[in-house]
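2 protein chains.
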Amino acid sequence: MKRLKVVIAAIALAAALAPARADEGMWTFNNFPVDRVEKAYGFRPDQAWLDHVQLASVRLAEGCSAAFISARGLIQTNHHCARQCIEQLSSADNNRIAYGFYAREEKDEPKCSTIEADQLIEIKPVTERIAKATSGKDGAAFAAALKAERAIIEQECAANDDNLRCDVIELYNGGVYDLYKYRRYQDVRLVFAPEEAIAFFGGDPDNFEFPRYNFDVSYLRVYVDDQPLDSRAHYFRYAKADARPGELVFTSGNPDGTYRFDTIAQLAFQHDVSLPREIFYRAELRGQVTRFSAESPENERIARTLLYYIENGLKARKGAFATLVDPTIMRNRAAAEQALRATVDADPALRSSYGAAWDNVKTVLQRYRPQADRFLLLVDNGDFRCTLLQYAQQLVRHAEEAGKPDSERLSEYTEAQFPDTRQQLLSSAPVYPELEKLMLTFSLSKLRELLGPDDAFVKKVVSTRSPAQLAAELVDGTGLGGSELRKRLLDADPVGLAASNDPMIAFARTIEPELRAARKEREDGLNAALTRYASQIARARFKVAGTSSYPDGTSSPRLSYGAVAGYSAGGKQIAPFTIVAGLYERATGARPFQLPLSWIAARAALSPEQPFNLVTSTDIVGGNSGSPLINKDAEIVGLVFDGNIYNLGGDYGFDPAVNRTISVSVGILREGLANVYHADRLVSELIR
Amino acid sequence: MKRLKVVIAAIALAAALAPARADEGMWTFNNFPVDRVEKAYGFRPDQAWLDHVQLASVRLAEGCSAAFISARGLIQTNHHCARQCIEQLSSADNNRIAYGFYAREEKDEPKCSTIEADQLIEIKPVTERIAKATSGKDGAAFAAALKAERAIIEQECAANDDNLRCDVIELYNGGVYDLYKYRRYQDVRLVFAPEEAIAFFGGDPDNFEFPRYNFDVSYLRVYVDDQPLDSRAHYFRYAKADARPGELVFTSGNPDGTYRFDTIAQLAFQHDVSLPREIFYRAELRGQVTRFSAESPENERIARTLLYYIENGLKARKGAFATLVDPTIMRNRAAAEQALRATVDADPALRSSYGAAWDNVKTVLQRYRPQADRFLLLVDNGDFRCTLLQYAQQLVRHAEEAGKPDSERLSEYTEAQFPDTRQQLLSSAPVYPELEKLMLTFSLSKLRELLGPDDAFVKKVVSTRSPAQLAAELVDGTGLGGSELRKRLLDADPVGLAASNDPMIAFARTIEPELRAARKEREDGLNAALTRYASQIARARFKVAGTSSYPDGTSSPRLSYGAVAGYSAGGKQIAPFTIVAGLYERATGARPFQLPLSWIAARAALSPEQPFNLVTSTDIVGGNSGSPLINKDAEIVGLVFDGNIYNLGGDYGFDPAVNRTISVSVGILREGLANVYHADRLVSELIR
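For the record, the sequence lines run as chains A and B. Numbering of the first sequence is given in numbering that gives the first Met the number 0, commencing with residue 0 and proceeding in unit increments. Numbering of the second sequence is given in numbering that gives the first Met the number 0, commencing with residue 0 and proceeding in unit increments.
Accuracy of the hints is not assured; some may be wrong.
To list a few chain B residues with every Cβ distance to chain A over 12 Å, as calculated [stated by the list, open to error]: (1) 161; (2) 256; (3) 365; (4) 601.
Straight-line alpha carbon distances no greater than 30 Å define the calculated DSS-like cross-link-like pairs of lysine-lysine that follow [unchecked claim]: (5) A:361 with B:123; (6) A:38 with A:239; (7) A:123 with A:403; (8) A:123 with A:180; (9) B:123 with B:458; (10) A:542 with A:136; (11) B:123 with A:519; (12) B:486 with B:110; (13) B:131 with B:180; (14) B:314 with A:314; (15) A:314 with B:361; (16) A:38 with A:123; (17) B:314 with A:459; (18) A:542 with A:38; (19) B:361 with A:571; (20) B:110 with B:180; (21) B:571 with A:458; (22) A:571 with B:486; (23) B:519 with A:459; (24) B:403 with A:361; (25) B:571 with A:571; (26) A:571 with B:519; (27) A:136 with A:180; (28) A:314 with B:180; (29) B:486 with A:314; (30) B:361 with A:361; (31) A:458 with B:131.
Label pairs and their calculated CB-CB ranges [what the hints assert, rightly or not]: (32) A:495 with B:572: 29 to 35 Å; (33) B:297 with A:91: 52 to 58 Å; (34) B:519 with A:568: 26 to 32 Å; (35) A:574 with B:519: 31 to 37 Å; (36) A:459 with B:263: 55 to 61 Å; (37) A:472 with B:162: 56 to 62 Å; (38) B:511 with A:511: 57 to 63 Å; (39) A:124 with B:263: 35 to 41 Å.
No lab work stands behind these hints: they were computed from the structure. The beta carbon of each residue, even a glycine, is placed where N, CA and C say it ideally should be.
Start from the sequences, fold in the hints, and give me the full structure.
Right, dumping it as structure tokens:
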């Protein structure tokens, strides 16, 4: 009996711990599997190639990817990655989401007040330093030591230079720490954006689906000292032709956090507790914002981007939930975990160091499970999804944190991290009171619903007013909608802020103790414990299987590889490319399948056979939006904007048979700019 | 090894199959456990007592319970059970939900156009007949034979008398079939309703919670031939005093379908597939209707009851979901199933008859799992939640079904069942176009979202219009909002209906084939197979443990027993009664904690110590709303209106430690009528 078990374990272990399968992996630039790529595709990227790709790639700090594509700081990303900027530059009379934008001359390029572009210039190992600083520590002491050492490393690296951004990245669930040093650019301007109707053709119904017809692109330009950045040294050129089926391609982007190395207990927790909660919350909010949008064209305009983000996140989470109830996927994950545990348990030394980690994860999750609602409401949604409250909180927190030693501050207020926070706080984006009230009312109602009207914090917050009354008082009463007041209060010393009688500032102050307590409990309690045990599991995996794997996504630069490849689903074979003719066939005249006038007018100027979107077997997840899709010559053959429905399971694993990246093909980017938009300035810059 | 397993199985079996624990059980009137009640509480109900309680109890056909409480056909139920009627009798100028209603004289009692009250007069076993009719049949043939035999039995019983209602009830998951014969009353009028602010004090935040302060009552009167019903023979009297802690009490009501005898595979299916889908759907709809309500006082009024039902159902489902992710409950259920299976497998005869049933259930669920969205959208929400479309569908279906033999009709169009359907169809309730458009737009959007824009049915339905355009065309174009047209089209022969050019009728006709196909697939495919295997499991359970248990809820009359008893939760001991003083303490002045003026004015006239709501250990679920809470003298000591949060797990099991029924105590019913509302006519009728 025992014997059979070991054999089964060994087989499962081989499958589970073998180097990742062909095309799987979101690889770091300092551990890219060149051997494997060469073996599979006959091309071996050398160090110069990797360095060039790394330096031509761009990370957008708010959660997207991009790429330099000209010598004058031009970058390409998705329309949906720049849509907050496009919306902020819109008004009731000038709806740039609906009608698009094109700066005819460089001087007409307006600033995006909240976009930060980062260029990774160096990776340095710091695992030893972190290990030393946290050695022998546990719980809150471990969390404090880890935070302090990170802050010190980041501050040494950034050296008070706001043009540098330094992040200590926790890789392999805490098994490895690397310092990522970026050149930081906060003057990013809008050059071109198409109409939403073509950028997001098919809307939410087609989102995460394929075949697809999205021209999901925007062009931005990085400025330094009010001049376009000189990016001669590293940028991607547009390939002359679209890619071919089977061709080797790469994506260079910044995948968000994934859960591929989480334990089964963690996945069960997501399935039973956290994901359903998030979906219930978002589904209801979607309902409210959808109805708000239907009330008037202006409401539709001001809520458009918000609704996009809500729906996109909702569909992604529903896809994740569907993956977690798929018996096959969970069985594979369970088998892999069993295999690793069996191997660890069979070796006394491994067992004594790491054997208890899995059960400890389970126990910790169980202990914090009753806090799930509190964490969702007070930490994940601690700004009550209200921009004005977020501003107030940033001011209140900055005033408090600035007086502390750097290593003790909340992470986003350290010297190294505050420039990003400051840029958000001083944004010149318009704030819409009716939408702010809706969001704040919703958040307050949820607070009362989920924690119950008798909860002490709920009583303190809502008191004897209804959520709607309180929200109206705060939003109507605050002056934080204008960035001048925010600037003044930020520059004022804490005494100056304390003197403010702005009701939103007062409200932020009132609720701050409980928000901090909840955050502390999650970071120093739950997260610190999970990191501790997860890093034990990671080390066990290193010992058993070596370091030939990739780490879970961490919103930092990664390189993936794969091929242009269709797939088979629901009994149908799906071709890797869609073509222009398909777009016109799919258009109905009713949103979201209504084409903008520009594309209707340009129909004759476009070749019906021109590839439009394509799918590739590269391994991407959320955060990769805007990644360049490049060939082995490091030329752009596409612009990543989405994954197919099976890609939503990518948070938990990679299924090479069906998981696909979706990109806009390079040919239609050229054709669209030239023949639909006649964006000659842009076209000639791209050709140069 | 095997031996130990058997011992464990035997222990679990004893626990699982022992007669239901004290206080557990929703018992049929023909199998009430008098011995057990006597043993636990020293009172043995005799047959006369049981008959009296049965005949004084009332089933409301739309899904609630009630009780006769006077000799002149007066019945008591919840405010929330009559709220559709109260809303239908309201207008913009006369909001009876907000301000309540009291008919000063009998002649002022207005008719509730969609309430049907049923009085159970006879139960007859028909298991043998059903078994004979379905013997040896499987799949669609089994489903057809079962449906036909039911229709024949019901028609024989009702004998074309619309004043009788005959339902064949499937008990013990198909292990037993009984014929329930009711006296049917369709002329039910409104006598009294309090303001919603006190009926539903605390609103959604306090819903399913305790302590509680709801005056959730309404009084209705049954009329026959335009005269109050003579109900002298059987009605409940109000007890002189409130119940005492520990006192034996009973609830007589109509519990909805429960899942206490479902297999683990069925529960997993609910957890993974059906419940999340329903919650996602409802949460989003709640968001839309909430925002719609906030747009104007009139929107608030017309959507109030709809929103109530959505929120109530949502909270109930979230509670059910929470139960299904509770490891303890699921472990107990799994142990019980394992125990029964082990016992069956150990006996060759049992094994050959029933051993495969559990795996067969699992296989069937797996097979139909890809249909989950289709069933949700085309069957559960096949009327697209649009009243006008529902009317059109009823007309279209009636025209088609009326031409078929009774035994082949859709169940709600048989001679026995159609009176209920006809009452709904001919309702004089107002229809609000803006709300109809919202619901239809939402349903069409969900259809496109969940089935995908490329689904053939979606293409046929939505075509080239947007959901909002289509909904506006249909709702603005139809004449079905007025009941005269519906009456005319119902009376017209099928040829008359065919001549109608009403766009909603045309739309109903267009989508009918796919709706019928989906329904047929679920009823004849999924449900028939599940019934078949579930009845095998039920028979196995009878063989192993006898018939000393109760069946799952079936929306038909049941009797439960228990005691007035507090409970302990979250480390706190919760007393069984709340008192008047607590109501005034909990009031804040802001909805939903705002008291109506009547209760503010009456404060001095009420004793602060007067019990308000109470909890009892009786076993109820949804559908029991409005049940009388009676003592051993069959006097009313309360009016059931809710369960506590642990009661939401009652769909899957009964935890006597914390599962509690919540009722309005009889004393506050008297006091409220006399001293808050000065409803003298009603008070004197109740005293008589």
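Q. Are the Cα positions of residue 403 of chain B and residue 361 of chain A separated by 30 Å at most?
A. Not OK: residue 403 of chain B and residue 361 of chain A at ~60 Å, beyond 30 Å, violated.
Q.
What's the verdict on residue 519 of chain B and residue 459 of chain A, does the C-alpha distance respect the 30 Å limit or exceed it?
A. The given pair, whose Cα atoms are some 54 Å apart, is violated under the 30 Å limit.
Q.
If I claimed the Cβ atoms of residue 574 of chain A and residue 519 of chain B lie 31 to 37 Å apart, would that claim hold in this structure?
A. For residue 574 of chain A and residue 519 of chain B the Cβ distance comes to about 36 Å; the hint holds.
**Q.** residue 263 of chain B and residue 124 of chain A - C-beta distance against the hinted 35 to 41 Å
**A.** For residue 263 of chain B against residue 124 of chain A, whose Cβ atoms are near 49 Å apart, the range 35 to 41 Å is violated.
Q) Does the claim that residue 161 of chain B lies outside the interface with chain A hold up, using a Cβ gap greater than 12 Å? A) holds, 41 Å
Q) Are all beta-carbon distances from residue 365 of chain B to chain A longer than 12 Å? A) violated, 9 Å
**Q.** Given pair status - residue 571 of chain A, residue 361 of chain B, alpha carbons within 30 Å
**A.** OK: residue 361 of chain B and residue 571 of chain A at ~27 Å, within 30 Å.
Q. Going straight from one Cα to the other, do residue 314 of chain B and residue 314 of chain A come out at no more than 30 Å?
A. holds, 22 Å
Q: May I ask you to test the hint 52 to 58 Å on the CB atoms belonging to residue 297 of chain B and residue 91 of chain A?
A: Hint violated: Cβ distance 27 Å, outside 52 to 58 Å.
Q. Are residue 314 of chain A and residue 180 of chain B close enough, with their CA atoms no more than 30 Å apart?
A. Violated, at roughly 48 Å.
Q | Proposed proximity, residue 180 of chain A with residue 123 of chain A (alpha carbon, max 30 Å) | A | holds, 8 Å
Q. Holds or violated: are the alpha carbons of residue 314 of chain B and residue 459 of chain A at most 30 Å from each other?
A. holds, 24 Å
Violated hints, in rising order: 3, 5, 9, 11, 22, 23, 24, 25, 28, 29, 31, 32, 33, 36, 39; the structure is consistent with all others.
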